[in-house]
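Each chain, letter by letter, is given below.
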Amino acid sequence: MSPVWLARRLLLMVYTVIIVCVLVFAITQALPADAAQTLLGENASPDALAAVRARLGLNDPVWLQFAHWASRAAVGNFGVSMRTGLPVAPEMLTALSRSLLLALCAIVVTLMVGVPLGIFAALRQGRLTDTVTSLVAYLGVSLPEFVTATVLTLVFSDRLPWLPATGYVSPLEDVAAAIGHLALPVLTVSVILVAHVMRMMRSETLDVLQSDYVRAARLKGLPERIVVVRHVVRNALLPVITIVALDVGYLLGGIIVIEEIFAIPGIGRALMIAITTRDLPSIQAGAMIMAVTYALTNTAADVVYALIDRRIRYD
Amino acid sequence: MRPALAISNYGLDYITSAGPVPVLRDISLEIAPGEVLGLVGESGSGKSSLAWALMRHLPANACEKGGSLALGDIDLQRLTAKQLTQVRGRRLGMVFQDPSTALNPTLTIGRQVTEALARHRGLRPREADALAIELLGHVELRNPAALMRRYPHEISGGEKQRVIIATAFGCKPEVILFDEPTTALDVITGARILDLFTRLRTETKVAALYISHDLAMMTRTADRVAVIKHGLVVEQAPASEIFRRPRQADTRALVAAVPRPERRLVHDRPEESVLLAANQIEVHYARRGLLRPAPPPATNAVDLTVRAGEILGLVGESGSGKSSIARALTGLARFSGDIAFAGRTLRSGDDMDRAYRRDVQIVFQHPDSSLNPRHRIGEILSRPLKLYGGNPVDVARLLEQVRLPASYASRWPHQLSGGEKQRVAIARAFAARPKLVICDEITAPLDVSVQAQIIELLLALRAETGAAYLFITHDLNLIRQIAHRIAVMRRGELVDCLPVEAFDADHVHPYTRELMAASPTPVG
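Protein chains in written order, with my numbering: chain E, 1 to 315; chain L, 1001 to 1524.
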């Protein structure tokens, strides 16, 4: 991996973020919400509305508004919430940190379960254990989150009073309680992701097992265990990295259902509230923060990919 | 003395949905210590299956039908999985056909050499590293210490094959199986690998089973040659005699099909009129990107003329740009420069109208990918007929022209053999009644006997239609049999363009001479 490649990849990320910036601003402009009206309520006098518009710069041309907004956004200032009057960026970042913690735990669990399971199924291709594993994985991915969540809550929180059903505790306050509160949501998300990762890992492992270099490794006299660990897993992992990076996107955007069920004040819920209350600064901040996180994750995935597979250079 | 490798009365079937298919029948072969036995046969003859059987790496549907495989005093068929890891590599090594896929792309060269050495010679990591560096140097790889830290994609195909050979010899096995080790390499690289093999076998006295389809090359490589056909060994003879005195009809057919430059198949002279003149052709594959400069062109201002009815050979190693020229002449690749054809000047693919495309047709290397698998042969052939104003009922005539039964029109491509598919591809090109047919390595994937039939067909079609050929190949012996002139390309440059009679002369380019020296002409 050359520095040129890395620089180019980072530049590409910056492009992406700039484009997202424009899109987010354009979409919030197009929303049928008048910031002044939202601030002052239904019964505001026309004079008061005009005054607020002038103060917020809403009468400026669109490009000037964008320039103002973008230059403030670049330093992390997305303005104050129309709902609470507090700066939105710290609020959104706190929400994001909760979602990220959930996502990170879910991905670690997913990889720790999904990767070995995929390899295991591939090595036993066509046998009963393979069929059963694949079937269970299929089941996991076909059930909607709320069904899985309900079942898990019913079992581990209701019948067996082991885990709290809802709520969020920061690990900075109480580690044990934090783990307890995260367990069920992480489990719910993992059930779905494990199926993704496991199926990908299984088919990739099967492909790699058929490759000439694995045959060459076997015919060199290496025992099967070393062939699998050294020659197969490494290569089969590559596409899984891409899948996981895409899953992070799903976790940040689609996790709203999970956050809602388990009452976790994450980014999904924060955005939901922002949208229903037409809190434009919060919507903008939330969308930008998610986009940047997504771009960062994918760049990180590309870097990891390039570290494992040295053929990736793009130069 | 006990043979190093003894195969006796060995039989092998593959179980398919249509029942068992015999692959090897009653094979008995012996290799003495230090001897090299060449195993020659066409594709599907079972020669590779024998290698897999010896390595105990048979597919799940293989069913062995008696006989024995003995490596010295070891009965290979009785080995357990664990014992097998002690035999593979350590006592029975193997060198593979395609070095580009035989090395793991995500591990360093050093790792892939030392993992075998450490295992089979009980070396500690540092000792294995030192030995690996020594071995890599011994197979004439430059700067072996640096090479150890590189990845397979960073070295050439020939270098990869040297790495694999170094690994195989480094474990000091009694017998090494060579499965077509030069087939995937270009002529000159392949010839150097053969030189290396010859040197190493003299030094190490290793016994070898050398599998190849190339009878001419085998006469220079092996001590004895066994010819295998349809799973049966039809003849065994000393390498020096098999060419001179083939006893069996099958061997004689194989010998006759080997291209020999002194046996000319074309005796006429082309017309003087120039059919196509390509001037200063540079082929560009990628445009300048947003963040990257344009790559250099694949060919470097190449000038080429084809006369009416001429067979122009275009030779060169892989990557020399010969296929790029074919792509430019057919408008498949972007190019600069111009092409003069039929009184017009074409400067890009956009200038190539239907009349030009009709006159200039191309046949590709792999009929498997150039024939649509979802179309029947009849449809494949009727498309160009419709496009170029022919009559769709002419499909039968086209098939007949390429010596295929008319009933093939209702078949699917996968129901045809490789040679038959290539005939269909040729028929498709001739459907347009072209003046120039570009043949891009069209016999490369075929066996020598099938290749001989395809060449015969091409020459017959030329006699019937008067078409000129631009015949792209890496087989110098073959092209010297048929071409009027031969153009030699190297690294995108045209280094030579000579009448075939002048090819032996002294004033040829040094690279052309090197290419000639590397082309294996049969001994005897």
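Honestly, the hints are just simulated from the structure, not real lab data.
Just so you know, even glycine gets a beta-carbon here, dropped at the ideal spot from N, CA and C.
Be aware that one or more of the hints could be misleading.
To be verified - If you only want the chain E side, here are some residues facing chain L, beta carbon under 7 Å, derived:
#, residue
1, Glu42
2, Ala216
3, Leu219
4, Arg225
5, Arg234
6, Asn235
7, Glu260
8, Ala306
9, Arg311
Stated by the list, open to error - Away from chain L, derived, C-beta distances all over 10 Å, residues of chain E:
#, residue
10, Leu123
11, Val169
12, Tyr213
Tested hints:
no., hint, result
1, Glu42, "violated, 49 Å"
2, Ala216, "holds, 4 Å"
3, Leu219, "holds, 5 Å"
4, Arg225, "violated, 10 Å"
5, Arg234, "holds, 5 Å"
6, Asn235, "holds, 6 Å"
7, Glu260, "violated, 42 Å"
8, Ala306, "violated, 11 Å"
9, Arg311, "holds, 5 Å"
10, Leu123, "holds, 14 Å"
11, Val169, "holds, 42 Å"
12, Tyr213, "violated, 4 Å"
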